[in-house]
Structure formats: C-alpha cells, structure tokens
Amino acid sequence: MDRILSSRIVRTLSLVAAVTLPGCVIEGGHGHNNLVDNTPYYPGCPALDGVGNSGLIGLSSYRGHEVSLESYTFPGEYVRHYKGRGILGPVRSSYDGDDATFRIVSGLADSRCISFESANYPGYYLNQSNGEVFLDASSSDLAFAEDATFCPRPGLADPYELSFEACGFPGLYLNHLEGYLYVGDEPGYEFEEDATFLIEAPF
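Heads up: the sequence shown begins at 1 in UniProt numbering, then just goes up one per residue.
If you're looking for bench data, these hints aren't it; they were derived computationally from the structure. Predicted model, so just to flag it, every value in this text is computed and none were measured. For glycine and all other residues, C-beta sits at the position ideal for the given N, C-alpha and C. Any given hint could turn out to be false.
Just the calculated beta-carbon pair ranges, DEER-fashion [what the hints assert, rightly or not]:
hint	residue 1	residue 2	range
1	Ala143	Tyr121	16 to 24 Å
2	Phe74	Asn53	25 to 33 Å
3	Ala143	Pro122	18 to 26 Å
Result set (SDA-like, lysine to any residue): computed pairs, CA atoms no more than 20 Å apart in a straight line [to be verified]:
hint	residue 1	residue 2
4	Lys83	Ser129
5	Lys83	Ser139
6	Lys83	Ser93
Let's have the full structure, built from the sequences with the hints guiding it.
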C-alpha cells in the first residue's frame, strides 16, 4: 500500500510542477487566440517507461469484445464483480455470468494498454484503490484513468497465459487472494500463479 501511495504522490507533484513552474515563452499568434494550454503532457503509463514497453501484449484482436477471465490457480473460477468489489469465484447462475463478463477496451490512461469495462454496467470499470480492486463508474481525472488501466504481459506463472500490470505502478499486478482481487507484488511462485489469468469466451 505504501508503495502505491508514495508513487502516486511523486507523480502528482510532477504534474503540478509541469503546470506551475515557469516554462518556455510562446511567441506568435494573434490576440486572444494565443492561449497557453496548461494541461500537463501525459507521457503514458509509468509501467511502460523504459524497458517496460518490452513484452507488452496489445490484445488487439480482443479489443471491443467481451471476455471472461479465468483463474490460472483455480480453474472454473472467474474474475467477477460483486456489490462493487472485484472478486474471484465460480459462476453458478446467469447473474454470476453477467458479473464475470467484461469488455476489453483501449486503456483509459494509455491506449497501448487496456481497461476492463463491465458488460452489464457499461461505463463502469475494474480499478484499483490502495491495492484493492473495485468496479466504479468512469471518472474524468487522471488518477482514476491510471487505476483502471492494465498492461497485459506474458503470464508470470505461464508465458502462454496473461498477467496484468497496473498502469500507474510498475511491477504490481492484478491478483487474487482469498476470493478478492488486488493489485500487488509478492515473491514466490504462489503469487505468480495468483496473478496469472486465462482469457475465455464470455458467459
């Protein structure tokens, strides 16, 4: 949790500095059309900085389509939402199936990565908050966009499957623990299994 908070603080201060610190003089233009855009430039997901872009899986053939995510550790259990929380569990009814179906769309913060939009609650996305995963309505702020964006990587436990690195927190991955979804990083093969998923046909 501390790693997530400290990383968020550093990036927020950088964005504030980009707006408030003196910059270059913009010349030319005419009258009121010569306006300075104070919107800070967003270079993309920190997870893709430097060598982070290597090994990225774009999932281009899945974008715009609905899928379900099956656990590598527990076959037959799927990523779902329940009462606003991201969970992992079996699908026992059509309602469960609806909650376990997501549309893969271009990442809200970076189109090179992806976001998971709920199929039965359009405009709602899986996102992390202090390491826990929730389903929330889309927000216009950058923090939410980063928290709802994941960068697909070769599976930590199996390179033929997938793991999803948090856009804003390099090295932290979507994972499950005791039936709940988190974003984090732990040493050992057990965590690698819990952070590996299979893309399956939607329910």
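Legend entry - Hint consistency between Lys83 and Ser139 [alpha-carbon to alpha-carbon, up to 20 Å]: holds, 19 Å
Inset, instruction - Compare the distance between the alpha carbons of Lys83 and Ser93 with 20 Å, and conclude whether the hinted pair is satisfied. - result: The given pair, whose Cα atoms are some 16 Å apart, holds under the 20 Å limit.
Legend entry - Beta-carbon spacing of Ala143 to Tyr121 - inside the hinted bounds 16 to 24 Å or not: Cβ of Ala143 to Cβ of Tyr121: about 21 Å, so the range 16 to 24 Å holds.
Inset, instruction - Using the Cβ atoms, figure out if Ala143 sits within 18 to 26 Å of Pro122. - result: holds, 22 Å
Inset, instruction - For the pair we were handed, Lys83 and Ser129, check the Cα-Cα distance against 20 Å. - result: At roughly 16 Å apart (the allowed maximum being 20 Å), Ser129 and Lys83 satisfy the hint.
Inset, instruction - Take a look at whether the Cβ-Cβ distance between Phe74 and Asn53 falls inside 25 to 33 Å. - result: holds, 31 Å
Figure legend: structure checked against the earlier numbered hints; every hint is met.
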